[in-house]
Amino acid sequence: MIGAITSKEIRGFLRSGVFISLAIAMIALLAGAAALSAQRIATFERERHAAEAVDREVWDTQGARNPHSAAHFSRYAFKPVPELVAFDPGVTDYAGLALWMEAHVQNPAVFRRAEDLGDAGRFVDLSPAWILQYIAPLFVFLILFGAIAGEREQGTFRQMVASGVSSTTLLAGKLSGAGLAVGVIVFPALLFVLFAASFSGGAGVLTDVGLRSAGLFAVYVLYSLTLGGVALGVSALFKDKRTALLALVGLWAVSFILAPRVASGLAATAYPEPDAAQLTRDLRSASDAFYADRAYRDRIEREILAEYGVDTIEELPIDYGAYTLQKSEEHAQPLFEAFYARLDDIHKKQEQLLNRFSVIAPVMALEKLSAGLSGSDRLHQKDFVNAVEGHRRVIVKQLNDDLMYNAGEAGYGYTADETLWREIPDFEYASPRFASVASNYTLSALLLAIYAIISLFFAAVALKRAQRRVAS
Amino acid sequence: MTFSPTLALEKRLFLLAIPGLGVALLITLLSLVAAIAGRTHVERTAEAQAIFTEERNATLEEWRNSLQQIEDTGEAPSPFVSRPMDIRMPAVLPPAPLADFAIGSTDLHPTTTLITGWSNPADLFNEYEFSNPSLLSIGGFDLTFLVVVVLPLLMIAASYDILSGDRERGRVKLIAAQAGHVAPSAWSRLVIRNLSIWFVFSLATAIVAFWSPMEMTVADRLLDFIAWLGAAFVYGLFWFALIALASAFLKRGDTIAAALFSAWATFVFAVPAIGGALAEAAYPPPSRLAFLSEMRQGEVTAIRDTAALTAGFLADHPEMTVSDEGVPGYYQSNFLANREAAKRTTPVLDAFNESRAKRSALVSKLQYLSPAMIADHALTTIAGGDVARSIAFQRQARAALADLSERIGPAIVAKQRISVAEFDAIPAFVFQDRTLLEKLRAHVVPLGFLMIFSAIALVLARRRMDAPLERLL
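Chains as they are written, first to last, in my numbering: chain A, 1 to 472; chain B, 473 to 945.
Keep in mind that the hints were calculated from the coordinates and are not lab data. Do not take every clue at face value.
Said to hold, decoys possible - One side only, chain B facing chain A, incomplete, derived with CB under 7 angstroms:
| no. | residue |
| --- | --- |
| 1 | Ile610 |
| 2 | Ala735 |
| 3 | Ala737 |
| 4 | Arg811 |
Backbone N, C-alpha and C define an ideal beta-carbon position, used for all residues, glycine too.
This is chain A alone, in the form it adopts within the complex:
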């Protein structure tokens, strides 16, 4: 019986002009978005490689110079674009893509692509993930709103009930019919997009791209199942197609469009970040704290004199100025960590509020999971920023050490040359393996699974209720 219902459903879809035209539109949108996204990230990667080459060249050819002066000029680290960003750009356009590894300051990541996109870029970002997250639900709702309500209007539902079909059979048949119809369009497209994204010219920084792609596929299948369950349930809840359509579109508008925006507005209002000017001031204070702390400077002077068993700075076998420069770095490091931890704490609170909204807007849970699996969310950005900071500390120390141990009598007049510059390593980065960050997404995954179960349960209950009503 399930097979008969499924085949009837599929025949119905194939005869429906609405289904055919929406399906063509979906495929065209997905293909267009995938092509544009792949083109974008290939461009980003070309730009990054070119910038890295120039940065190395500029660094190596800066000429004879004091090493600490070179540490101020320093080098840049550029964010590699993970392959799956072609599928889901996440926060890629809104997070800085370069970091200046300057001495004394842990700078924020700069150059956010969204700043160059103009007003249109801010309205919506076209990507395969955006289409599957926001447009696919509308597609599912528009083709399924009449699945039960339409049959009730036409009287065929009564016939089906009279023939003794159970609600479970009916649900399974309807769901598999819809699943096949939607799946035939969405899943091959999803597989193709994921495959294309994996080979789109991304940076190849995802060491577990296969696992992540499989995760994305599973998550979107679960999401589609949820949408199908909701659509069938709502369709069964109302006796006419019009009300079912209105309810589903209303649900889409509120849960998928309005809720994320309201949540974002509330998060920014409830947990405001200090203004950029204030933050810059705080960052600079952290950077200057060493020079403002006379007692600390006296203490390290006493310590170094004791360590070398001498009485005066002049007797030290190392360059004391360079030593204090390195000490100022080490003094500032926990302050920078505290500064960014404070900011991170605000961001976490904002995202916790977004998480709470996921309860009424499952698309927000999906967004988080999808961007996480694609390596394009804030957590992956943070991992990149932390890796850069680690590298900054290494290269600044390397330069300060050279000055400390080699300056000798020349003091600050000492200069190093290309030999030292070439010893400074390039920044290299690989995204964390998903398994190591998966715990951050457990709640979202759980929420999506619960949503899928509830939606199927809801559809079954609504169908049973509809059968009872028709039978009575």
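Let chain A serve as the given structure and place chain B on it in line with the hints.
The following block gives chain B in isolation, referenced to the frame of chain A:
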């Protein structure tokens, strides 16, 4: 059927019934949330800018007093005191009078900087990228979003079945039998339902407009608010006309609803998404990274050339090594490095502006495919949350930097101080905002297009509704 009985009917069916009251409550609530979000954003920005300006002006005042003392006594307490390189003029982009109505791109672009010889045009705006990218990528919730995205949905939900409902329930025949025609009743009901939505929204936004944030007065906001509301009405008129057209030409309620919701999804999401992506693909922004490379090549060239003057470490820590005579050289070398960087990055900045202008021109054409884009651009511009305003600030700040460099450059290169009179002649940075007319200029044609389209749709709908009853059934 005259207007009064229709109004009485609508009071019972919609205005004072659960759907109407629910819609009114929803609009009020959402307006409140949007207003608070916008207001918080504006107040936080304005407050931080006030502190920033006050602190910087105090530092400048100290700098000037020291310079006055040097002029009066002919002696400088230290070689570092009151050097022209250390002039740091605050430049801020103040929130526009109606900024709380559209956050737009103001959460993304810098709103403060320091005009100083230490900067070049390429690094004039830095260290401002602290915002949570997760929130930025979702976008803010403001009154403009409410108008562009939510109100059309409420209009459709409230009135898509006015005619089809009567038709499907067989009431059309009854109305026609009693009144002779159905059009006046249908029009009255359409107008009453949609006007009620816009009345509640207008009332809510008027309260927001009169509840001015910070030190803005109602007078500052009034004209902008009227223009903003006017543009919103034009957009509302478009949706009203589209609903009327669909109601007149399509018969079944579910078909009308599906058509209108599809139109909404297409105009509000699909076209802007495709348009934005196409504009970016057609005119991609020049590489920011190439821009950075040019800046660093310029800097390193200048550093190499001025190595003799800077004597290695000099450029970064003069306080530790430099003699009194060396200080002006330290300022000179940094100033020259910035000039070199400016020279090298100017073509890249020009390329950015050119590509942005081309992209903007393409989007201006594409907006005719989406009334939502027309409305969003117009409302955001009138409220002052558009990218163009931020770009204007950046342009004006760079012009101020060029002006300052011209004024202080000769003294720095000659290793001299400037006079107090010369300092006093340096103008403080004041952002030159557009007038309302200038803001409206670019949006008159698109809004006019929307009005013409609406008028045509209304005429067509009217003709159809005035058609013989058998065609309507």
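Each hint tested on the structure:
no.	hint	verdict
1	Ile610	holds, 4 angstroms
2	Ala735	violated, 12 angstroms
3	Ala737	holds, 6 angstroms
4	Arg811	violated, 17 angstroms
In this structure, the earlier hints numbered 2, 4 are contradicted, and the remaining ones agree with it.
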